[in-house]
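Chains as they are written, first to last, in the working numbering: chain P, 1 to 259; chain U, 1 to 260.
Treat the hints with caution; some may be incorrect.
[Claimed, not checked] Label-pair distances were calculated between CB atoms; the ranges are:
#, chain 1, residue 1, chain 2, residue 2, range
1, P, E230, U, D19, 33 to 39 Å
2, U, H209, P, G227, 43 to 49 Å
3, P, V162, U, I72, 36 to 42 Å
4, U, G40, P, V60, 29 to 35 Å
5, U, K145, P, K39, 29 to 35 Å
6, P, P40, U, K199, 43 to 49 Å
7, U, E236, P, G233, 47 to 53 Å
[Said to hold, decoys possible] Below 25 Å or equal to it, Euclidean Cα-Cα: the simulated BS3-like pairs (lysine-lysine) are:
#, chain 1, residue 1, chain 2, residue 2
8, U, K145, U, K168
9, U, K199, U, K27
10, U, K199, U, K228
11, P, K39, U, K92
12, U, K199, U, K92
13, U, K168, P, K39
Simulated from the structure, these hints should not be mistaken for lab results.
Remember, it's a predicted structure, so these values are computed and weren't measured experimentally.
Quick reminder that beta carbons are idealized off the backbone N, C-alpha and C, glycines included.
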Amino acid sequence: MKPLLPFFEAVGRRWVAVFEEVGRFFYILHSTILWTFRKPFDVREWVRQMVRVGVESVPVVGLTALFTGMVLALQTYRGFARFHAEGFVASVVSLSLTRELAPVLAALMIAGRIGSSFAAELGTMRVTEQIDALYAMAVEPVQYLVVPRVGAATVMLPFLVVLADGIGVFGGYAVAVGLMGANPVVYWDKTFQYLDLNDVFSGLIKAAVFGLILAVTGCSKGFFTTGGAEGVGRATTAAVVMASLVILLSDFFLTKILF
Amino acid sequence: MQEQSSGSSRRLPKIAVIDLWKSFSGKEVLRGVNLTVAPGESLVIVGGSGAGKSVLLKHLIGLIQPDRGHVIVDGEDLACADPERCLAIRRKFGMSFQEGALFDSMNVFDNIAFPLRRHTRMSEEEIAERVRECLNLVHLSGIEKKMPAQLSGGMRRRVGFARAIALKPEILLFDEPNTGLDPITAAAIDRVIMEMRDKLPVTMVTITHDMSSAFRIADRIAMLRDGKIVAVAAPEEFRTLPDPYVQGFLAGQPVDEEVA
């Protein structure tokens, strides 16, 4: 057994690290929820973060959705043509976008754009003692820094996804009608024929949950940063990787629960 | 444990530290610290690098929670359960950090105005007036619009002081106020601290490893070593303490750890 000890130690350390990470995530989530409903409410900070997460992400999310819709139409058109089912391209595009692709891809893009910047910002504030300074000024750092960021991401992601739904469907329409010669009236009709309002709503619920996940991950990574400039770099990378993974994992379970 | 001998501790202490223990990942940093700070006095805690000075100072304001022991401020234990009560106790404090810890997204004015906007209902004119007052106290003016990155190290620290006193705290904590500064700037910082001590009705706790600075600003000096307070005395008395470690520290000479 003795020679195997280092191996077990290494495995054990890994597991401890994983549990620490999970603990930090839920600690931040818990105190965020707690401090969201306490005064003072920082309207200015909320608006600032909402502009940052929402408005400033429109180009990125829009482009992602446009090309996703376009390539989806292109691929399904080629594939479905083999068994003469081109008529269903519109339904496939609209269903897969609203239920799955728009929320997941938008969330992944925002995780890269916003989750990372949350981690970098809070991480820098941590290593330069600015978070301690807030605390020393009797300002709860979670309330001042984390609550508006998590709130903004949770609120704004569904809006971005509504936009992505629209732009993606338009992209599919443009490719199918403009490039592949589908009948515009039929395509438009088929887009909505099998689409329920519930499909859209489930996508929006997903979006809100993903927004919460990516913001809490970014904030907790930043909030618990150690080790100076290098630590900030590590926190930033880890925030994106972890948020993306958790988004993809939770996507499966959310889909299973929601329908 | 060590009993405080100074006469000033006869009054109800502003801060009382009782048997404070703290370890980080197995390493014991504080090993039963006992310390009292009398109202209105300026206590300087000295000690070598890694003696646990910063950790002790951060315990005083609750930035770090002890493993064991208590920090009592005005008769109230800091380890209180209610987070809002904690915030109220913390409002009695102003703390200045090593590198200033200014918010780098805000200019000097907004940095100093931040606690005022957050905690008071002062109008913008009153805030501007108070910011000017605080900057005057630390001998700075006309830099309100500058960003922290544009300031020198000494100026950043003084802006940090100004921010710490903005809310008229009862207790001021200084974390290594003149570490890493040239001797002239360091002396200027000391002068600012002395002026604040004389002009403001505050209790001050400073940590430093600079003995000349300690003698300038202290009413009492406490020596922290290996996670314990090994000596507390008024400055003139402190110079004559027989403890070999204290004498080594004063002379700037290495002391054999085993012998001491």
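Verification of the hints:
no.	hint	verdict
1	P:E230 - U:D19: 33 to 39 Å	37 Å, holds
2	U:H209 - P:G227: 43 to 49 Å	23 Å, violated
3	P:V162 - U:I72: 36 to 42 Å	55 Å, violated
4	U:G40 - P:V60: 29 to 35 Å	57 Å, violated
5	U:K145 - P:K39: 29 to 35 Å	31 Å, holds
6	P:P40 - U:K199: 43 to 49 Å	31 Å, violated
7	U:E236 - P:G233: 47 to 53 Å	50 Å, holds
8	U:K145 - U:K168	23 Å, holds
9	U:K199 - U:K27	41 Å, violated
10	U:K199 - U:K228	32 Å, violated
11	P:K39 - U:K92	20 Å, holds
12	U:K199 - U:K92	17 Å, holds
13	U:K168 - P:K39	22 Å, holds
Checked against the numbered hints above, the structure violates hints 2, 3, 4, 6, 9, 10; every other hint is satisfied.
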